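Novice: Listed here are the chains, written in short residue letters.
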Amino acid sequence: MTLFLQRCIDGLQNGAIYSVVAIPMVLIFKATTLINFAQGELAMIGAFFAFVFAVQAFSLPIWLAAIIAMVLAALLGMGIERTLLRSFDPSDHLPIVLITLGVFYIINAFAGDIWNYQAQPEVPNLLYDMPNFGFWDMGEWMQGRSSFFTSEENRLGLRIQHDSVGLIGALLLMLLALHFILNRTKMGLAFRGVSSNTESSRLVGIRVGRILSFGWALACSFGALGAILVAPRITLQPNMMLTVLVYALASAAFGGLDSVGGAALGGFVVGLLNSLVLGYVADVDRLSSLTAAPLVMPVILLLVVLWFKPQGLFGTKTVERV
Amino acid sequence: MSDNMLEVHDLTASYGQVDVLRGVNIEVKTGEVCVILGANGAGKTTTLRSICNMPVVSCSGTIMLDGNDISKSDTGATVAQGMAHVPQGRGTFPELSTLENLQLGAYVRTDNEVNDDIDRWFQMFPVLKERKNQAAGSLSGGEQQMLAVSRALMARPKLLLLDEPSLGLAPIIIEDLFGTFKQINEDEGTTMLIVEQNANLALSIAQTAYVLETGSIALSGPAAELRNDPAVQEAYLGA
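Line by line, the protein sequences are chains A and B. All residue numbers for the first sequence refer to this note's numbering, where the first residue is 1 and numbers rise by one. All residue numbers for the second sequence refer to this note's numbering, where the first residue is 1001 and numbers rise by one.
Quick caveat, the hints were computed from the structure, so don't treat them as lab data. Do not take every clue at face value.
As a list, the in silico DSS-like pairs of lysine-lysine whose alpha-carbon atoms are at most 30 Å apart [as the list claims (entries may be wrong)]: (1) B:K1029 to A:K186; (2) B:K1072 to B:K1029; (3) A:K186 to B:K1129; (4) B:K1132 to B:K1072; (5) B:K1132 to A:K309; (6) A:K186 to B:K1158; (7) B:K1182 to B:K1129; (8) B:K1029 to B:K1158; (9) A:K186 to B:K1132; (10) B:K1129 to B:K1158.
For clarity, every value in this text was computed on a predicted model and none was experimentally measured.
Next up, chain B with everything else stripped away, as it sits in the complex (with noise of 0.2 Å):
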């Protein structure tokens, strides 16, 4: 494995006419949990849409998954290659039963030991095993949010991209939720690149942290010492 999970270099996105990223550069650390913050409309998202190669944005730019160059795979060829996204809005199958949706999270695998890992997630996150039967668009607003995480999760990836976890979850959720991050990182070793508006929460438990502004990143450093900076502070901390 090489010591960067993920190199992103001199990203650029549009939106037709509008420039939403204009050349970010962001390095994951293999093993780490990397927070990238920002105000809406800062391109967060985009970032990570266009990291995976979703549709809807035209992006240039390099990026490298431990160590190999994805910036022309298609979104299905970079989960085949150990990247799993969980994009804002959940990213579940709603329609399906929650077993079900964990049964796709391990689409691209081919190992038997895909049960097992249900098991796993299974005893990770209790809750989704009483709703087991249930279709996932019926579980609430943090249910799914598990659901979403360990539907990611059963790709075994070497890095997981978190789109804005905590949106529209109450405050005790979501502290439940990241601190089940943190242990997943530490147990697992899932490097993980989380965009979040909670700064607080994320750079508790992240090693680095981005901030981007409109488009481009105005910070970057170790969480403990852009904890401490006024300006993230003033910002995004509520100081």
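If we strip away everything but chain A, and leave its shape as in the complex, we get (with noise of 0.2 Å):
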């Protein structure tokens, strides 16, 4: 019974990460119905922007650095889409595709230069320096529970990491703000428009470039929260979101690739099969000797929503009726 909370813990801690990766893949992919492969990469830059401001050029606090790089990582998503991506004829999704397979190239290869391929070794972490205004200091909340959340086993006997707690508050509170920007705003109405029907925005006077624009700018900056939040966890470095891509590509199509709730479900449900199936059905010592093979998983969970129900669980079905 331990064992199985402990998969189902492993396995919600994990999913948390393939969610923050999802989430932004889900928002390109309304605006644009393509797949972003970049998307990873460009979390993962945003990550070193922070790392930058944070450690090795000004030491700013991490939030304030945090802050600033989803700020860069806006810029660098609105430029990509205006420069690479804008003149190409958006129904036709290859080359697009392809264009987001070589940034995905250009940013891994770039960063790896700069920063080399080796994980750093001094990473801040968000979840326990945010500014506390005086009134509640998440870290130190944390840390008067470190007897419950260790990476040793706790009274229960299992074992949860401190910043999983703090990771999927932060998860949560990332989708308010999603939902509040897409709901409750006239340019998230926009660009619920755009998604829904093109040529309708353009009769309504809205400018779809400007919108899509805005769309990459969204998903870019909330990528980079993201990977500032996981990358304490899953190292910094610049393959730190190969293997997630994959995890997160499963997620996003199982939740339906229109759906942001979807994607963070899904996150957590790819996260938890994954452990679960591993766990149980695996024999992990033998699986883990080929480092690709846990990779399977998602694979499979791919060509199954695919196949069976390809809108994903909660993705639309067009509906039309003429």
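Make the complex out of the two chains shown on their own, each in a separate frame, by following the hints.
Specialist: And the structure:
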């Protein structure tokens, strides 16, 4: 029983990581109906931006560095959309997807060149270094419960990483923020309009190009935030998102490629499935000798979803009555 | 306001090598309902798409909206300048709710009377109010057309372009819809340019009519006159 619970906890802990990459992916898909393969790398470079400001150059507090990194990532995303993608016919997906693959390699190589492919030893944890405004300090609160949230076994015989709870909390906050932006602001409404029907959007006077820029900015800044949050866990290095990307893709497809909430839930489902299936079905010791073998699970899930329910759990099955 | 809400001079349009419009001239007087009749493939839809500069076609010619040259304005800008278009196939946002569709219709507006207008169109089309939170894509064809028209009117246009509003609707609904067009035209003073195959009904609410045949205007004049024209009767009124 304890082992089962532990596997569930591990699964959810990993699931949160998949969710934070899957969510921005869904945002781009909503805007453009294409998969942005560069999403993981854009998030990774965002985490490095924060690293530069917090550790390498200015020793800013990590929360401030994170805000700067989100802004820079947003600008980078808008720049990519404006310069590399806008001139292509949006209905012709192949060239655009190839470009996102190209961006993937460029960013990865660029980051590798600057920071080389080794894990950075000192990665500040945003969750423990939030501005507390004098009333509640999460880092302190967690430390007060360090006998429960610990990498050792706690009194229930479970290992719960201290930052998992914070990570899941932060994920929920991200979802709330996105929900607010998409459903309560004019820009968000226009974004959903473009996502629903580009021609109708032009007919109501929406500047579609600007909204696409906004979508990329939103996706990249939230992607950067996600990467900053998970970097202490999965290490900060240029390849940190390589495998996460596959899991995130499966998560997004599972939840429905155009559903933000679905992607978040999908992340947890993929995390749980992965942990349970690998735990009970697969011979982990033998599998882990093949480094990529655990990736089989999300790929199988991806195939099953595309086969039986291509629109995913919460995705829209193009509703149209004529 | 100028006398003519819309002036189209020498409009030509082509899809690649194929000429669809060959020098079309249209004038729509401020406050009137004008109808363009024509068979399938005559270029009716292309005319409307060219007027509001939607992609797909390459076109040339001058288009004046209320005295301003809009030939070079992109589609979004023409909305801000007072032209709204209900395209064929409705032009709604299927995944968004009825209410959100109407809110998006007012996207270019900055005044604070948007909610009043929404209430107004809900009064005009009570069924839309019942479907307020339902996805537009799940409405019936007639309801979607009402939504598309209200969505366009939310921009408070000076000129409303309607592309075959009767397409795919039951006759009784079509009749209601055209009655509403007439009422809106009279109450709001919204100038309308309607492209239709249902000639009889369209001519009954229009003041001016044009007949488009293979890319150019074959006939034009007051709607009442065209209605009695033997050629029109034979070709479009089934007489």
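Novice: Give a verdict on every hint.
Specialist: Checked hints:
no.: 1; hint: B:K1029 to A:K186; in the structure: violated (35 Å)
no.: 2; hint: B:K1072 to B:K1029; in the structure: holds (22 Å)
no.: 3; hint: A:K186 to B:K1129; in the structure: holds (21 Å)
no.: 4; hint: B:K1132 to B:K1072; in the structure: violated (37 Å)
no.: 5; hint: B:K1132 to A:K309; in the structure: holds (29 Å)
no.: 6; hint: A:K186 to B:K1158; in the structure: holds (24 Å)
no.: 7; hint: B:K1182 to B:K1129; in the structure: holds (21 Å)
no.: 8; hint: B:K1029 to B:K1158; in the structure: holds (11 Å)
no.: 9; hint: A:K186 to B:K1132; in the structure: holds (18 Å)
no.: 10; hint: B:K1129 to B:K1158; in the structure: holds (25 Å)
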